[in-house]
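Q: The chain contents come next:
There are 2 protein chains.
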Amino acid sequence: MPRVSQEHLDSRRQQILDGARSTFAKFGYEGATVRRLEEATGLSRGAIFHHFRDKDALFLAVASEDASEMVETVAERGLVGVMQDLVAEAKQSETRGWLGTQLEVARRLRTDPEFAEEWGARWETLREASVARLRKQRDLGHLREDVPIEVLAGFLQLFYDGLSRYLATGRDEIELESVLRLVEDSVRKH
Amino acid sequence: MPRVSQEHLDSRRQQILDGARSTFAKFGYEGATVRRLEEATGLSRGAIFHHFRDKDALFLAVASEDASEMVETVAERGLVGVMQDLVAEAKQSETRGWLGTQLEVARRLRTDPEFAEEWGARWETLREASVARLRKQRDLGHLREDVPIEVLAGFLQLFYDGLSRYLATGRDEIELESVLRLVEDSVRKH
Numbered sequence: 007m008p009r010v011s012q013e014h015l016d017s018r019r020q021q022i023l024d025g026a027r028s029t030f031a032k033f034g035y036e037g038a039t040v041r042r043l044e045e046a047t048g049l050s051r052g053a054i055f056h057h058f059r060d061k062d063a064l065f066l067a068v069a070s071e072d073a074s075e076m077v078e079t080v081a082e083r084g085l086v087g088v089m090q091d092l093v094a095e096a097k098q099s100e101t102r103g104w105l106g107t108q109l110e111v112a113r114r115l116r117t118d119p120e121f122a123e124e125w126g127a128r129w130e131t132l133r134e135a136s137v138a139r140l141r142k143q144r145d146l147g148h149l150r151e152d153v154p155i156e157v158l159a160g161f162l163q164l165f166y167d168g169l170s171r172y173l174a175t176g177r178d179e180i181e182l183e184s185v186l187r188l189v190e191d192s193v194r195k196h
Numbered sequence: 007m008p009r010v011s012q013e014h015l016d017s018r019r020q021q022i023l024d025g026a027r028s029t030f031a032k033f034g035y036e037g038a039t040v041r042r043l044e045e046a047t048g049l050s051r052g053a054i055f056h057h058f059r060d061k062d063a064l065f066l067a068v069a070s071e072d073a074s075e076m077v078e079t080v081a082e083r084g085l086v087g088v089m090q091d092l093v094a095e096a097k098q099s100e101t102r103g104w105l106g107t108q109l110e111v112a113r114r115l116r117t118d119p120e121f122a123e124e125w126g127a128r129w130e131t132l133r134e135a136s137v138a139r140l141r142k143q144r145d146l147g148h149l150r151e152d153v154p155i156e157v158l159a160g161f162l163q164l165f166y167d168g169l170s171r172y173l174a175t176g177r178d179e180i181e182l183e184s185v186l187r188l189v190e191d192s193v194r195k196h
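Here the protein sequences line up with chains A and B, keeping their order. Residue numbering for the first sequence follows this note's numbering, starting at 7 and increasing by one per position. Residue numbering for the second sequence follows this note's numbering, starting at 7 and increasing by one per position.
Be careful, since some hints might not be right.
If several chains are the same, the list does not tell them apart, and a pair holds so long as it fits within one copy or across any two.
With a straight-line cut-off of 30 angstroms between C-alpha atoms, the simulated DSS-like cross-links for lysine-lysine are [stated by the list, open to error]: (1) K142 x K32; (2) K195 x K61; (3) K195 x K97; (4) K32 x K97; (5) K142 x K195; (6) K195 x K32; (7) K61 x K32.
The hints are simulated quantities; they were obtained by calculation from the structure and are not laboratory data.
With the hints as extra help, turn the sequences into a complete structure.
A: Okay, structure coming up:
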């Protein structure tokens, strides 16, 4: 029996995540059937579910990828930087589709505590990174000092949620770059 | 054949809207089956679909009720006033459920132009009311003058979208009153 290298496993895992992302984006959570996941990944259900416990785990892993990438961006450019990137990426229908699918799980977050906990954990690292970056900005004298950092972080997070929801619907009537400048201005020291 | 009064028709229509709202809230869009709508309204499908063309029309009518109510609030207290009310109402699970169901239609808004147009029409009156109120605030000297009103309106709308998404998930870690004060501060003249 040949030994399977870690590289091979990682690359197989990434192949599944990429296929899953596009399936969730195109068909939504319920619509991402095992058959469609097989077609998109080019792998059998046996291979897919060897790497991921179930569809939830697959969905949460795709979300984790996003969260990890965003944490890096937040360190350098804050949540506003993440939002600028999101606006650029939302020109692609797969991005809009994936954003939309993430909206569909709102009910599960309310009714399924385990799922909510796992989902929350992905975004907790992002929140911590956002708070850390705000502290850095405050130490550099760039941040307004009349509002607690937790409130600034909550404000940015809610705005990110609204932006991502707006982009998911494919609407295009708001001047997003101008609005993001206002968001940045709202947390800055004057 | 007795004449059916307008009052009777209006009261029947409201009975259906109330039952539909709670069914959509509890079960989501797909889960709001005809059987469940009958149970919640206390009426037969014949009666329900005499007043509303189909489930979409019912869903859009419930959304219209919200939009109309919000337009009144916006005139007096702006979109921030609407958000304050939403925070208070979101203590009720039916409100959170209905907010969640509205998130589920993101995909349809992207893929079904007729549905998107009808949905957009409900919120257009709200947007117009928001812009009108911002103009009034500017005339009174309360509004910042370095940012165009359309950008301020877009900012408030995106924030409303994010707040409503956050409340739909039942999360409770952000100090919403403080964040709303920051939102209000962000559009004010200093």
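Q: Next, verify each hint and record whether it holds.
A: To see whether the hints hold, each was checked on the structure:
Proximity of K142 and K32 under a CA criterion of 30 angstroms is satisfied in neither setting, with 39 angstroms inside one chain copy and 43 angstroms between copies. Neither within a single protomer nor between protomers do K195 and K61 lie at most 30 angstroms apart by alpha-carbon distance, with minima of 45 angstroms and 50 angstroms respectively. In this assembly of identical chains, K195 and K97 lie within 30 angstroms of each other by CA distance neither inside one copy nor across copies; the values are 32 angstroms within and 34 angstroms between. Proximity of K32 and K97 under a CA criterion of 30 angstroms is satisfied intra-copy only: 15 angstroms inside one chain copy versus 34 angstroms between copies.
In this assembly of identical chains, K142 and K195 lie within 30 angstroms of each other by CA distance both inside one copy and across copies; the values are 13 angstroms within and 28 angstroms between. Taking CA atoms no more than 30 angstroms apart as the test, K195 paired with K32 passes in neither setting, with 42 angstroms inside one copy and 44 angstroms between copies. For the identical chains of this complex, K61 and K32 are neighbours both inside a copy (15 angstroms) and across copies (24 angstroms), given an alpha-carbon limit of 30 angstroms.
Hint compliance for this structure: hints 1, 2, 3 and 6 are broken, all remaining hints hold.
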